[in-house]
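Protein chains: 4
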Amino acid sequence: MNEQALRETLTTLLRLFYAKDWVSGTGGGICAMAGPGRLLVAPTGVHKEMVEPADLFAIDPATCGVIDAAANAALKPSECSPIFAAIVRKRGAGSVVHSHALDAVLVADLAPGDVLSIRRFEMLKGLKGVGNADDHAVPVIDNTEREPELTGAVEAALKDPRFAKAHAILVRDHGAYIWGEDVWEAKRHTEVYHFLFEGTWTRR
Amino acid sequence: MNEQALRETLTTLLRLFYAKDWVSGTGGGICAMAGPGRLLVAPTGVHKEMVEPADLFAIDPATCGVIDAAANAALKPSECSPIFAAIVRKRGAGSVVHSHALDAVLVADLAPGDVLSIRRFEMLKGLKGVGNADDHAVPVIDNTEREPELTGAVEAALKDPRFAKAHAILVRDHGAYIWGEDVWEAKRHTEVYHFLFEGTWTRR
Amino acid sequence: MNEQALRETLTTLLRLFYAKDWVSGTGGGICAMAGPGRLLVAPTGVHKEMVEPADLFAIDPATCGVIDAAANAALKPSECSPIFAAIVRKRGAGSVVHSHALDAVLVADLAPGDVLSIRRFEMLKGLKGVGNADDHAVPVIDNTEREPELTGAVEAALKDPRFAKAHAILVRDHGAYIWGEDVWEAKRHTEVYHFLFEGTWTRR
Amino acid sequence: MNEQALRETLTTLLRLFYAKDWVSGTGGGICAMAGPGRLLVAPTGVHKEMVEPADLFAIDPATCGVIDAAANAALKPSECSPIFAAIVRKRGAGSVVHSHALDAVLVADLAPGDVLSIRRFEMLKGLKGVGNADDHAVPVIDNTEREPELTGAVEAALKDPRFAKAHAILVRDHGAYIWGEDVWEAKRHTEVYHFLFEGTWTRR
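Chains as they are written, first to last, in this note's numbering: chain A, 1 to 204; chain B, 1001 to 1204; chain C, 2001 to 2204; chain D, 3001 to 3204.
I should point out that these hints are in silico values taken from the structure, not numbers from a laboratory. One or more hints might be untrue.
[To be verified] List time: in silico DSS-like cross-link candidates among lysine-lysine, alpha-carbon distance up to 30 Å:
1. Lys3128(D) <-> Lys3165(D)
2. Lys128(A) <-> Lys165(A)
3. Lys165(A) <-> Lys3165(D)
4. Lys3020(D) <-> Lys20(A)
5. Lys2128(C) <-> Lys1076(B)
6. Lys90(A) <-> Lys128(A)
7. Lys1159(B) <-> Lys20(A)
8. Lys20(A) <-> Lys2020(C)
9. Lys2165(C) <-> Lys1076(B)
10. Lys90(A) <-> Lys159(A)
11. Lys2020(C) <-> Lys3165(D)
12. Lys2076(C) <-> Lys3165(D)
13. Lys3159(D) <-> Lys2020(C)
14. Lys1076(B) <-> Lys2020(C)
15. Lys1159(B) <-> Lys76(A)
16. Lys1165(B) <-> Lys1090(B)
17. Lys2165(C) <-> Lys2128(C)
18. Lys1020(B) <-> Lys3020(D)
19. Lys2076(C) <-> Lys1020(B)
20. Lys20(A) <-> Lys1020(B)
21. Lys2090(C) <-> Lys2165(C)
22. Lys2020(C) <-> Lys1020(B)
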């Protein structure tokens, strides 16, 4: 996929996720690698279903420095950029979705400590490397007042061996980060995790 | 944004809110300032998703007098006009949404007195001047038989110091008024409050 | 509205109601008066969101006899025709919607006898002649094995003075018939009642 | 319907079912007979709402052997093919839908043994040969680690006399297979069963 097609795909996915109430009220976001050292990220503080391909920033995931700004000078890159970049670096993710879905908040309420256990769902097979007989452990971290302050806890979760098979991190009272090796796997993992979040809290 | 573009935006938002079940059965409405002393308001008693740009009235928010009637002579301005005008005058709002969402009714049921307390949601940051660690107080007023009779209670809530950071008023058994400094902030606040209403009553 | 426009409106409403899950699985239906003694009714046993304007039958509401069959000879008029015709005759309705919404089934479960009482909703004002302080009584009748067998109970409810202000009849385990003086009032009443059904059973 | 029209219908239905959250995260699928010994099946592991008519495989339901591969050489036929083929052979189905709906999972949780009993719903009449006074028995089988391993239990359920009137099999923690004599009956049965699944678990 060339960069223009990727930009169009990212904005199409934002509209899809908005329709599902995962990125309402300007919340949430998305990013994807457009090439080595080049991460496209959505702007912050804007209605996500209205983001246009030219509104995306290109940043360097090693430094979070802006390579190419959005065409509209009033835009700023997503506040999640340090977290997006950490997930790209530590897990080799090609794309990360930041969801503000209520189901992510509600399912995290059920996790007493720092882990949510998901089991007994065929849909677990929609996660790379996970089977439907697995007890799938998803890290749950506490929210912070500013989004970049989450980065330390995100990095700790990414290297925690308990979560080696997780493709998501839940942030209590907040939402989730969900990733995949490319934008299509990130979409699949995003849909699968939201199904699992809703299913797990509805079952309890 | 020129007035024609604003009229088109308001009718687009009515269709969006209808799709979310916030203005069904001809309920609810929207208004926005088109310039000094010129407030565009939707007509009353009509299917809100079918309102056309030329169907909006221009009224004077100081007097609620009609400046420009809708093109269709059968239409009347929204019954909420005195409330819309009060919110514009007292809070400097540029746009107000009147929601008939069931979630607004259900969450008000949980508030024993005249205040709903919302806390522990990242989405609180989607409200101007509010942080995710705040205990956010939203006024709750009792419903009346006719909509203009709500105006006194609305005005009292607007000047109550407990609600200085609120951008919404819940009306018991009825819905909510939600505002912002312009139509885009009103849209963002509307989506954020509906998330918070649903999240708060689902958590309890 | 001329008959062709009315036919197009009826099929548009079927698609809208299908999107809301009120006429799924070929269930439910709609009718409207196209002139004196001429009632347009949807065909039976077909996917309601796929009904085309030429697929509607014109029947005589006094006799249920077919005046003009659908263009497609494979179609049959709705099984609800005797009930539609009774509501037209006894209440002067210009349009009747038959809903198969789950909310209608669930709210009827809450009614121990033959009446559902709805109160404390501003949305009650969306029903002609009803105020938000009213205790609104909706008749609830038992289901029968074949739809035309409901006609007797429907007619009894229509003339019962307790239900003089009702614009709907709930059929236990089945759904609801909802009417208005024309197709737009029937649409408004349909949306209002579904809001009230969902709100009433969610509150309990 | 010629084969090209059938291919287009199948992909349209996948988009519809995706919008209803029945085939999210690449889960679920569909098949239909295009002629004697020729079963069209959706590919596996792809986003189902993006499947194009040329992406479908034609297989032999007697052997599950591929007759015509998808135009795109990267695609593989659905993992459900042996189950689809068994339902076609044993029940004479012309089309089978595989749903990954959460409602199917939740309702199966309510069935203590190998049968879910559904009763007191008018919508039961939407199933061929079933009346609204029936106590409708749907088989529930346990999930397995790989989808083809379900085939034995599916075949046993298909020949179990208790389930002679069932047009669906629930797979615990997984979803459902739902069929009809052609693609339109399969669509109707799919919508009806999802209504009944949601209604049954919500009532309890």
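Task: Non-conforming hints, listed in increasing numerical order - done: 3, 7, 13, 15, 19
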